[in-house]
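Protein chains in written order, with the working numbering: chain A, 1 to 320; chain B, 1 to 320; chain C, 1 to 320; chain D, 1 to 320; chain E, 1 to 320; chain F, 1 to 320.
Hints are not guaranteed to be accurate.
Since copy identity is lost for identical chains, a pair holds within one copy or between any two.
What the hints assert, rightly or not - With a straight-line Cα cutoff of 20 Å, these simulated EDC-like cross-link-like pairs (lysine to aspartate or glutamate) come out:
1. Lys317 to Asp189
2. Lys25 to Glu83
3. Lys25 to Asp233
4. Lys49 to Glu67
5. Lys287 to Asp182
6. Lys3 to Glu26
7. Lys25 to Asp296
8. Lys38 to Asp13
9. Lys49 to Asp87
10. Lys38 to Asp283
11. Lys88 to Glu26
12. Lys51 to Glu67
13. Lys38 to Glu83
14. Lys287 to Glu9
15. Lys25 to Asp299
16. Lys317 to Asp57
17. Lys60 to Asp13
18. Lys88 to Asp24
Please keep in mind that the hints were generated in silico from the structure rather than gathered at the bench. Treat the numbers as computed from the prediction; the structure is a model and nothing was measured.
Protein chains: 6
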Amino acid sequence: MAKLPLLSEIGHDVTGWGFFLCLDKEVATSRNGAAYLKVELQDRSGLIKGKVFQDVDTVKLEFDAGEFVKVQGRTNFYQGRVEFVVDKIRRVMPERDAADGFREEDCIRCAPRPVDEMWGELLERLDRVADPALRALLLTMVQKHADRLRIWPAARRVHHAYRSGLLEHILSIMNIAIFLADQYGARRDLLIAGALLHDIGKLQELSYDTATNYTVEGNLVGHIVLGVGMLRDAVRDQPPPGMPAELVTELEHLILSHHGDLEFGSPVKPMTIEAFLLAAVDDLDAKVHQIRQHLDDDDSPGRFTSVHRRLDRSLLKPSS
Amino acid sequence: MAKLPLLSEIGHDVTGWGFFLCLDKEVATSRNGAAYLKVELQDRSGLIKGKVFQDVDTVKLEFDAGEFVKVQGRTNFYQGRVEFVVDKIRRVMPERDAADGFREEDCIRCAPRPVDEMWGELLERLDRVADPALRALLLTMVQKHADRLRIWPAARRVHHAYRSGLLEHILSIMNIAIFLADQYGARRDLLIAGALLHDIGKLQELSYDTATNYTVEGNLVGHIVLGVGMLRDAVRDQPPPGMPAELVTELEHLILSHHGDLEFGSPVKPMTIEAFLLAAVDDLDAKVHQIRQHLDDDDSPGRFTSVHRRLDRSLLKPSS
Amino acid sequence: MAKLPLLSEIGHDVTGWGFFLCLDKEVATSRNGAAYLKVELQDRSGLIKGKVFQDVDTVKLEFDAGEFVKVQGRTNFYQGRVEFVVDKIRRVMPERDAADGFREEDCIRCAPRPVDEMWGELLERLDRVADPALRALLLTMVQKHADRLRIWPAARRVHHAYRSGLLEHILSIMNIAIFLADQYGARRDLLIAGALLHDIGKLQELSYDTATNYTVEGNLVGHIVLGVGMLRDAVRDQPPPGMPAELVTELEHLILSHHGDLEFGSPVKPMTIEAFLLAAVDDLDAKVHQIRQHLDDDDSPGRFTSVHRRLDRSLLKPSS
Amino acid sequence: MAKLPLLSEIGHDVTGWGFFLCLDKEVATSRNGAAYLKVELQDRSGLIKGKVFQDVDTVKLEFDAGEFVKVQGRTNFYQGRVEFVVDKIRRVMPERDAADGFREEDCIRCAPRPVDEMWGELLERLDRVADPALRALLLTMVQKHADRLRIWPAARRVHHAYRSGLLEHILSIMNIAIFLADQYGARRDLLIAGALLHDIGKLQELSYDTATNYTVEGNLVGHIVLGVGMLRDAVRDQPPPGMPAELVTELEHLILSHHGDLEFGSPVKPMTIEAFLLAAVDDLDAKVHQIRQHLDDDDSPGRFTSVHRRLDRSLLKPSS
Amino acid sequence: MAKLPLLSEIGHDVTGWGFFLCLDKEVATSRNGAAYLKVELQDRSGLIKGKVFQDVDTVKLEFDAGEFVKVQGRTNFYQGRVEFVVDKIRRVMPERDAADGFREEDCIRCAPRPVDEMWGELLERLDRVADPALRALLLTMVQKHADRLRIWPAARRVHHAYRSGLLEHILSIMNIAIFLADQYGARRDLLIAGALLHDIGKLQELSYDTATNYTVEGNLVGHIVLGVGMLRDAVRDQPPPGMPAELVTELEHLILSHHGDLEFGSPVKPMTIEAFLLAAVDDLDAKVHQIRQHLDDDDSPGRFTSVHRRLDRSLLKPSS
Amino acid sequence: MAKLPLLSEIGHDVTGWGFFLCLDKEVATSRNGAAYLKVELQDRSGLIKGKVFQDVDTVKLEFDAGEFVKVQGRTNFYQGRVEFVVDKIRRVMPERDAADGFREEDCIRCAPRPVDEMWGELLERLDRVADPALRALLLTMVQKHADRLRIWPAARRVHHAYRSGLLEHILSIMNIAIFLADQYGARRDLLIAGALLHDIGKLQELSYDTATNYTVEGNLVGHIVLGVGMLRDAVRDQPPPGMPAELVTELEHLILSHHGDLEFGSPVKPMTIEAFLLAAVDDLDAKVHQIRQHLDDDDSPGRFTSVHRRLDRSLLKPSS
């Protein structure tokens with residue numbers, strides 16, 4: 001039996017086996033009273049839902065959500081999406097399965113660019129900050145939070161919701177913001193800082209190992225205010241010499257106002273040209289990512305995709 | 001010539017003299033090209049707008065906005081409000097005018113209850129906090145900010161916008177919140193803390209001596225996030241022994257969510273019963289205060305007041 | 001086989017029998033073409049959905065929606081909620097089942113406090129009305145509608161949706177309103193009257209025996225205007241001597257404006273301080289009840305509940 | 001000196017005299033401290049604002065708001081509207097001024113069609129109601145309220161805001177509703193009844209002699225619920241034999257839902273095809289009237305009118 | 001076995017056979033892993049959903065979506081709607097099945113009135129246009145697009161979504177618009193033209209043979225702007241002699257503004273009385289059609305229908 | 001007497017003379033009954049309002065709105081803005097005043113960059129379009145409309161509301177759009193075309209010589225649909241060889257959707273990534289321009305500007 005292709009490229013009526021991360025496992029009861037298993041599987045390119053109908057009582061003990069699994073079965077078409085009818089499923093045995101090509105990183109969805117390349121680009125960009133005190137502050141924060149900043153997702157679902165997605169999102173925003181700073185004569189230093197810091201609170205808002213979840217303070221405080229707290233801590237622990245207090249206030253303002261308006265969770269609206277540009281670019285980048293992803297994910301027939309709920313529209317598929 | 005009555009009780013066609021704080025002074029040009037002075041005057045009970053038509057060039061040098069003044073003139077009815085046509089105006093000469101009864105405190109609008117009485121009540125309420133670590137934290141914060149907390153207004157315009165208005169507002173909310181905590185079995189300690197802390201950031205958001213204004217960080221950060229910062233600083237400077245981290249997070253949540261919804265400037269919605277109650281009581285108290293004030297201020301004829309813009313309605317005047 | 005625990009406390013994988021009120025019974029067809037029965041069962045503490053897969057053609061004749069039933073089976077976990085897989089179900093045989101402890105009142109969801117205790121409290125509160133004409137009017141209405149007022153639910157679904165829920169809701173509002181009347185110097189008589197009358201139209205809007213439904217005039221007219229009609233009838237049938245016409249108009253205004261704003265179904269906004277307070281307290285009490293109930297009902301894992309649709313948020317579960 | 005033309009046709013720089021109803025009189029103070037009088041004058045075709053600058057102290061005693069006046073002066077252009085600079089103004093001396101052609105009815109704004117003609121049309125339409133009990137009920141109500149129904153305006157400002165405007169509005173709606181009932185197979189009887197009754201509460205909501213104002217119950221209860229009360233009183237005083245209770249409920253529903261949605265002040269939405277049609281036609285007629293009036297009133301230059309605030313748009317002027 | 005009744009009149013538990021158009025065919029997997037077919041069937045009176053559980057692999061090859069089929073089976077009640085459990089299904093054999101009464105037109109949902117009758121009425125109405133140039137333009141457009149205009153549906157789903165539905169909708173609007181033009185003294189010619197042209201772009205927005213779908217330009221441009229393009233093409237190809245350019249602009253405005261407001265897809269708001277009336281009547285006709293259809297389709301028990309999502313309300317069922 | 005500085009740099013209490021374009025002239029009456037003149041004056045850098053109090057009857061004949069004028073007077077501070085009290089004003093005598101430095105172009109507000117430089121940049125950008133048919137189409141349109149395209153403003157008020165403002169706005173958008181096309185892998189050709197065409201309809205929507213106004217078709221049709229018409233005309237007059245029909249449809253979609261959402265006047269939402277980017281950049285550029293202009297224009301004291309109505313916020317003034 002053949003190995004399955006990447007989930008981003010899988011069609012229906014495909015039979016084979018593969019290694020995945022099992023994100024979710026749930027016992028359900030069908031309408032005729034029989035139990036079956038619902039699972040959610042992931043490789044580095046995407047997700048698929050699956051069902052196990054045979055030997056449920058035995059099979060459900062063979063693996064858990066959060067574990068890597070070896071799966072065999074056939075894809076199907078159900079309610080407009082491809083899903084997986086699982087014949088066999090068990091947890092991975094690392095040594096033995098390595099022989100068949102199992103590697104953890106192939107089962108974890110991640111950003112398309114390699115993390116080291118992105119990290120290098122980030123440091124290079126920060127090096128362009130002209131004000132030495134600000135540059136030092138930003139580098140301190142990057143070093144302090146490097147472990148998380150390298151791998152964190154940007155969100156639980158909506159956009160860049162995979163390993164190193166936050167870093168990818170920061171860089172995308174930073175590059176556009178630098179261009180716009182020059183185009184409009186805005187302060188480049190502030191925009192580089194804002195691109196780095198605007199979502200830094202996500203490192204505390206979300207927990208992430210293989211799955212992404214909200215922390216208690218993520219829900220009760222939210223990444224915007226958590227980010228301001230992280231900035232304040234950095235300033236307090238290592239006060240940047242010669243940095244005016246009002247510059248710190250402007251940095252806080254960049255973080256606080258980056259959702260653009262109160263109804264989107266910013267307690268204040270952008271009141272400087274840099275804060276306005278940062279919020280606009282953040283919104284743009286998140287939405288372009290959603291458009292891209294919907295065009296990639298959509299399986300519906302015809303020239304237009306199904307309706308994207310958040311964007312509230314169909315999209316014209318590119319004619320290839 | 002008689003001394004004028006309190007501004008809250010003044011009618012039109014009244015002639016006399018009095019001492020006031022001059023809040024605003026502006027030179028304007030009438031439609032026939034002549035200059036005149038517009039002033040805003042305050043005593044402890046309220047405000048009045050006035051105009052000086054005579055000897056403008058001389059008179060305008062006799063006093064400044066922010067100074068106490070002695071004024072003589074006659075009240076008038078203009079565009080639905082009583083205003084003051086000033087015949088004479090000059091800055092107060094403290095020693096000399098004391099003889100005629102001038103006292104600074106009579107010229108500054110302030111809460112109806114004496115500040116010491118309110119302060120005593122506040123301390124008594126805080127004493128009811130059962131958790132010793134929380135009680136200590138709250139007392140520390142009250143002592144640290146006592147100077148401002150005793151006299152600060154609760155807002156620049158909308159409600160409790162006068163000396164000690166914030167303290168009056170805190171006490172009003174605290175009393176109702178304690179009642180509701182018992183009524184609904186909510187945590188009384190948290191509600192007392194929330195009543196004290198929810199607007200504590202106003203001490204940094206607003207500057208106040210005789211006039212009230214927004215500070216730079218008041219505009220760019222806002223009292224909600226400033227309040228969280230003040231709480232964090234207090235916890236960090238003097239960590240309350242034995243206080244669980246999550247309780248601090250819940251206190252932050254109380255501050256952050258107290259506007260009730262995102263569109264009103266809270267970055268998170270209330271997610272505990274105490275946060276919900278606090279936001280509801282804060283809204284209630286602010287609106288009752290606006291209703292009261294509009295009923296007091298309105299001079300329009302008939303059984304109903306003029307339309308209150310924020311509340312978007314007329315009010316039935318109490319039949320006396 | 002053991003007797004089942006109260007539905008409010010039942011978990012999954014519990015086997016046993018019990019007595020319930022059957023609220024709903026529907027024949028459905030599973031995806032493999034087989035018929036099964038969907039039922040909704042109630043005891044005094046809550047609700048559960050159930051399914052019958054065996055002997056459907058026979059079993060479906062053994063009971064009807066609206067009847068008390070004896071049920072045997074096992075609980076299950078389906079789509080995030082506990083449900084009941086029914087093995088046996090039949091209508092109750094009152095004499096015989098009494099021996100096993102069947103009592104009608106154990107199968108009907110009702111307010112936590114005993115109705116007689118609440119009724120006594122209501123009469124005591126009304127006795128505090130100072131104006132004798134108003135007091136007489138309120139007592140007349142209470143006596144006239146006592147049968148329904150004692151047992152009616154406050155709503156079909158949203159809050160206090162069980163036996164005597166309306167009375168519970170009235171008392172809760174009345175107690176808070178009395179406190180606030182004193183706190184803010186509002187007219188206590190009017191607030192007591194408003195607390196009693198604001199939802200009185202529910203007695204005509206809803207039909208209730210064991211199930212709750214909207215009547216034709218409930219849908220076409222609504223409880224707000226029905227309530228005003230009931231007040232007008234009472235005034236017309238037995239005119240309270242010496243009561244000024246405008247007081248009746250104010251009572252009507254209290255009923256009409258108690259949803260607080262036009263978009264929520266009040267044809268006028270609150271224009272007196274009492275009407276404002278009543279609407280605020282009604283909203284508060286309904287929402288606190290929904291929060292409480294969602295915290296009680298939610299079975300989801302983790303520190304936060306699932307999202308409550310109406311309140312549009314998750315809630316932090318109390319740490320026990 | 002010539003007599004002035006009708007106000008609907010007056011331009012600027014016109015000098016002359018005329019008889020008017022004085023709707024409003026107010027003493028104001030100009031920026032140079034001098035008193036002047038602001039008046040609002042009406043004839044049967046429209047309104048004009050005016051100012052008196054000379055002999056204010058004497059002149060202001062010569063007439064009052066609500067009286068008929070004889071006025072002499074010249075029209076002017078001020079802030080985009082024609083206004084009147086008054087040279088002489090005094091109250092009408094009926095006998096003497098009759099010689100110059102004074103007639104009260106020429107000074108009161110009224111509907112374009114004669115009231116008797118409209119009244120005859122109304123009775124003819126009601127005669128078409130097929131159900132004898134309903135026809136009797138409607139005729140009873142018309143007779144009972146004939147005095148007011150013949151002359152009442154439909155509103156204080158927005159549309160049909162003049163003598164007999166309500167009757168004009170009722171007839172316009174009734175004719176369209178009858179047409180639509182036939183077009184769509186809806187119940188003609190109900191639509192005739194709805195056209196008559198939908199705004200009947202305006203007779204209690206508004207007071208009207210020469211000026212129009214809200215009554216206390218107009219503000220606190222509103223014409224929608226007042227109208228239902230008037231219907232209920234009629235049914236109770238003289239129960240229409242053989243009329244089913246549900247038909248009365250449907251009539252109440254027609255009145256209650258005729259603003260079309262909650263946010264516009266209807267406590268319920270239209271739930272029958274007749275209620276839907278009535279609300280649609282009422283909205284249509286009111287808006288067409290506003291469009292017409294704005295096209296008539298607008299004095300701005302160019303092909304488009306100034307922006308109409310309620311309709312939130314400019315209108316293309318008809319090319320004549 | 002008996003022939004099935006019309007779908008608009010079918011109940012549950014009916015067994016029989018019939019001819020239908022198959023609108024949709026999809027293979028699905030039930031919860032026990034077995035495949036089944038979901039189909040959507042149509043006759044001239046309505047739609048029904050159906051399922052095939054037997055011999056799925058064979059049966060699914062016997063017909064396709066878009067084909068006429070002969071079906072045998074039994075109706076069922078599922079989730080509040082009648083559906084069809086199919087025992088046999090195959091594509092129609094025209095010659096052979098004609099003997100059993102198969103006619104294509106019986107399987108295609110269409111407007112209640114015969115198309116030739118409606119077409120004659122349309123031409124008669126256009127003949128009433130007084131301006132010869134405008135009349136000629138309209139007739140040219142009608143002739144050019146006659147093939148589609150006779151049979152096109154007015155929409156894919158919401159209202160008049162069947163053969164000749166657009167023509168039915170145009171006539172309904174035209175008749176009301178003519179009445180209102182006379183009632184309000186608006187330009188009848190413009191309203192006739194507007195009724196014809198307002199949705200003319202639907203002929204390009206939608207594709208229709210037996211099914212209705214959006215075209216690429218239907219989605220990307222929309223029927224409003226497509227309709228303006230069709231008008232411009234007609235004017236350019238055959239310039240109506242003597243027609244002023246501004247009249248063409250007014251016709252474009254009628255098309256562009258007929259959704260009444262920006263949020264509904266009109267790029268401009270109605271700025272003439274005719275444009276306002278057209279938009280109001282279009283909205284009215286579409287909504288009355290939805291109300292009618294919901295009353296016809298609804299199978300729920302009780303005096304009120306289920307909630308209609310777009311209209312956001314239940315409807316009172318007519319008492320028969 | 002000195003020549004006045006540029007209006008963008010003028011303060012109050014400045015006396016002098018200058019040349020301006022008179023945009024508006026109106027006779028008004030002051031509260032004491034005296035006539036005065038209100039004028040609006042413009043130079044290339046900005047606007048100022050002015051008043052003439054002396055010799056009004058003579059002076060008002062000396063010039064008209066739309067003419068160039070020579071003015072002498074003194075600046076003043078009135079209601080928070082600098083205004084001009086005019087002592088002398090007369091129309092320019094071109095030959096004579098040339099001696100004092102009068103040049104028409106100094107009196108017309110225009111974009112900061114020279115038009116020829118911008119025009120060259122536009123042609124260079126269009127040259128980068130890779131598809132020859134599209135490039136030819138765009139160049140044809142640019143040549144056809146060059147006269148207007150070089151000088152047209154982008155709006156009557158909101159942003160880029162001056163000579164060559166449209167060209168400035170097009171270039172700004174085009175440069176950002178090219179950058180984003182590369183950043184996100186979108187089609188550069190389409191974005192260049194969209195940047196050029198999105199507002200092309202403004203050439204018909206607005207009339208412009210020295211003043212800017214809406215045309216009749218500007219109001220009734222709007223620049224979005226006018227732009228599509230101009231594109232269609234160009235394609236029809238000179239069909240670009242080999243250009244697929246769908247590409248034209250996509251160009252139309254870019255124009256139609258560039259306001260981003262229905263409520264902002266786009267009849268369709270962006271459904272391609274290029275349409276989404278174009279709408280986002282258009283919004284960004286317009287808002288940045290408004291922010292810049294408000295920071296330039298604002299004269300209010302303190303660290304923050306007055307509230308900008310459209311942006312609904314104050315702005316932090318750059319610390320210089």
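Hint check:
Only between protomers do Lys317 and Asp189 lie at most 20 Å apart by alpha-carbon distance; the minimum there is 18 Å, versus 38 Å within a single protomer. Both within a single protomer and between protomers do Lys25 and Glu83 lie at most 20 Å apart by alpha-carbon distance, with minima of 15 Å and 19 Å respectively. Taking CA atoms no more than 20 Å apart as the test, Lys25 paired with Asp233 passes in neither setting, with 40 Å inside one copy and 43 Å between copies. With identical chains, the CA atoms of Lys49 and Glu67 are at most 20 Å apart within one copy only, with a shortest distance of 15 Å there and 33 Å across copies.
In this assembly of identical chains, Lys287 and Asp182 lie within 20 Å of each other by CA distance solely across copies; the values are 17 Å between and 23 Å within a copy. With identical chains, the CA atoms of Lys3 and Glu26 are never at most 20 Å apart, being 25 Å at best within one copy and 28 Å at best between copies. With identical chains, the CA atoms of Lys25 and Asp296 are never at most 20 Å apart, being 25 Å at best within one copy and 25 Å at best between copies. Taking the closest pair of Cα atoms, Lys38 and Asp13 come within 20 Å of each other both inside a single copy (19 Å) and across two copies (18 Å).
In the homo-oligomer, the alpha carbons of Lys49 and Asp87 lie at most 20 Å apart inside one protomer (14 Å), although the nearest pairing across protomers, at 31 Å, exceeds that limit. Proximity of Lys38 and Asp283 under a CA criterion of 20 Å is satisfied in neither setting, with 35 Å inside one chain copy and 41 Å between copies. For the homomeric pair Lys88 and Glu26, the shortest alpha-carbon distance inside one copy (16 Å) is at most 20 Å, but the shortest distance between copies (27 Å) is not. Proximity of Lys51 and Glu67 under a CA criterion of 20 Å is satisfied intra-copy only: 17 Å inside one chain copy versus 33 Å between copies.
Taking identical chains as interchangeable, the C-alpha atoms of Lys38 and Glu83 lie at most 20 Å apart whether they share a chain (11 Å) or sit on different chains (18 Å). In this assembly of identical chains, Lys287 and Glu9 lie within 20 Å of each other by CA distance neither inside one copy nor across copies; the values are 23 Å within and 41 Å between. When the C-alpha separation of Lys25 and Asp299 is checked against a cutoff of 20 Å, the pair qualifies only between copies, where the shortest distance is 17 Å, while the shortest distance within a copy is 24 Å. Within a single copy, Lys317 and Asp57 get their C-alpha atoms no closer than 43 Å, and across copies no closer than 32 Å, so neither meets the 20 Å cut-off.
When the C-alpha separation of Lys60 and Asp13 is checked against a cutoff of 20 Å, the pair qualifies only between copies, where the shortest distance is 16 Å, while the shortest distance within a copy is 25 Å. When the C-alpha separation of Lys88 and Asp24 is checked against a cutoff of 20 Å, the pair qualifies only within one copy, where the shortest distance is 16 Å, while the shortest distance between copies is 33 Å.
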